[in-house]
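Residue numbers (our numbering), protein chains in the order written: chain A, 1 to 162; chain B, 1 to 162.
Bear in mind the hints are in silico, worked out from the structure with no lab data behind them. C-beta: ideal position from N, C-alpha, C; glycine also. Among the clues, some could well be false.
Said to hold, decoys possible - Non-contacting residues of chain A with respect to chain B, defined by C-beta distances greater than 10 Å in every case (computed): (1) 11; (2) 12; (3) 25; (4) 26; (5) 37; (6) 45; (7) 57; (8) 59; (9) 82; (10) 119; (11) 126; (12) 128; (13) 151.
To be verified - As a list, the in silico DSSO-like pairs of lysine-lysine whose alpha-carbon atoms are at most 30 Å apart: (14) A:24 to A:79; (15) B:159 to A:79; (16) B:79 to A:36; (17) B:126 to A:79; (18) B:79 to A:108; (19) B:59 to B:159.
Protein chains: 2
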Amino acid sequence: MVILGIDPGSITLGYGLIEKKGNKLTHLENGAVYMKNEPLSVKLEMIYNQLSDVITEYKPEVMSIENIFYAKNIQSTIKLAHARSIPILLAKQRGLIIYQFTPLEVKKSVTGYGRADKSQMQNMVKVLLKLPEIADPDASDALALAMTYAHLPNFQRDKYRV
Amino acid sequence: MVILGIDPGSITLGYGLIEKKGNKLTHLENGAVYMKNEPLSVKLEMIYNQLSDVITEYKPEVMSIENIFYAKNIQSTIKLAHARSIPILLAKQRGLIIYQFTPLEVKKSVTGYGRADKSQMQNMVKVLLKLPEIADPDASDALALAMTYAHLPNFQRDKYRV
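Bound conformation, chain A alone:
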């Protein structure tokens, strides 16, 4: 099963793909949509088009996306919510099952520790997925989201469905 992780953002949106076979996780791809200084409508179309290509290429069955709470301020939160909406629409259109996790849930799942810092997280993702080097921060977070779904026992999945 291929899992698409999404770290939503309105400036950079990270994505990462892993394959789960039994308990074995294999890294397939990671990257980001870079949208700095673009108008909102252009950003949304960039997210849609680039993730659409990724879905066509890797055919994930599941999307794991970060839940949204209050960001830095209300304007950032509103921008983030606009950006986050597009992968959810696209996943629905393409038949992926969608799950969401909070940053805390991701940290606990990947490092076993809710207060891991950014660099600890990135290093854990590198080690667990045998990456040659640490991935870009947004792509690393996206891979962590995909791993969080992969680690989830079947019976717990329903409560994370979007």
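Assemble the complex: chain A is given as a structure, and chain B must be docked to it using the hints.
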């Protein structure tokens, strides 16, 4: 020129279409996407599909959508931003030029008065567009947004582009 007005919402999303020929405005259509109790991904796809059909049928060149500020609370604001993102994506994909206005700008444009209440607004929309009866509130607001764009002098348009 056909103008599509959008009153974004995550429970009901209103839309309205008017045609502008010179200074004459003609009502073409209004309606709403009703999404109560649907999961988020289903809501987003409903908005996309229903507005896609509307765009195919009426071929608007312009979309006029309500700007977003802080709604009732942060959770409502986040839901609203998710819903609002979809018409913006779709309009971009279909080549519409996108404008946004605040509720205050809409009120001033339609009634000449910034503190008009809901029913005054709805009645003005009915009178100005010669509707047989008052439209549903969300559809009426969407028509008011379309009219706000239609009333805008050319030289002022750029500042409202999304």
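The hints, checked one at a time:
The claim that residue 11 of chain A lies off the interface holds: its Cβ sits roughly 15 Å from the closest Cβ of chain B, which is beyond the 10 Å cut-off. With a least CB separation of 17 Å from chain B, residue 12 of chain A remains clear of the 10 Å interface cut-off, as annotated. Once the 10 Å rule is applied to beta carbons, residue 25 of chain A is consistent with being away from chain B; the minimum gap is 25 Å. At roughly 27 Å, the least C-beta separation between residue 26 of chain A and chain B is larger than 10 Å, which holds for a residue marked as non-interface.
Distance check for residue 37 of chain A against chain B: the nearest CB is about 15 Å away, which clears 10 Å, and the non-interface claim stands. The claim that residue 45 of chain A is not at the interface with chain B is violated, since a C-beta of that chain comes within 10 Å of its own (minimum 5 Å). Separation of residue 57 of chain A from chain B is adequate, the least Cβ-Cβ distance of about 20 Å exceeding the 10 Å criterion. Non-interface call for residue 59 of chain A relative to chain B: holds, since the shortest CB-CB distance, roughly 18 Å, exceeds 10 Å.
Non-interface call for residue 82 of chain A relative to chain B: violated, since the shortest CB-CB distance, roughly 4 Å, does not exceed 10 Å. Interface exclusion of residue 119 of chain A from chain B stands, the closest Cβ pair being 29 Å apart, more than 10 Å. Non-interface call for residue 126 of chain A relative to chain B: holds, since the shortest CB-CB distance, roughly 31 Å, exceeds 10 Å. Distance to chain B confirms residue 128 of chain A as a non-interface residue, since its nearest Cβ pair spans about 28 Å, more than 10 Å.
The beta carbon of residue 151 of chain A is kept farther than 10 Å from every beta carbon of chain B, the shortest such distance being approximately 23 Å. Taken as a hint, the residue 24 of chain A and residue 79 of chain A pair is broken in the structure, with Cα atoms around 36 Å apart against an allowance of 30 Å. With a C-alpha separation of about 19 Å, the suggested pair residue 159 of chain B and residue 79 of chain A falls inside the 30 Å cut-off, and the hint holds. A threshold of 30 Å between alpha carbons decides the hint, and for residue 79 of chain B with residue 36 of chain A the separation of about 24 Å falls inside it, so the pair holds.
In summary, the hint linking residue 126 of chain B to residue 79 of chain A is not supported, as the alpha carbons are separated by about 34 Å, beyond the 30 Å threshold. With a CA separation close to 26 Å, the supplied pair residue 79 of chain B and residue 108 of chain A stays within the 30 Å bound. Proposed proximity of residue 59 of chain B and residue 159 of chain B is supported: the alpha carbons are some 24 Å apart, at most 30 Å.
The structure fails hints 6, 9, 14 and 17 (numbered hints given earlier, in ascending order).
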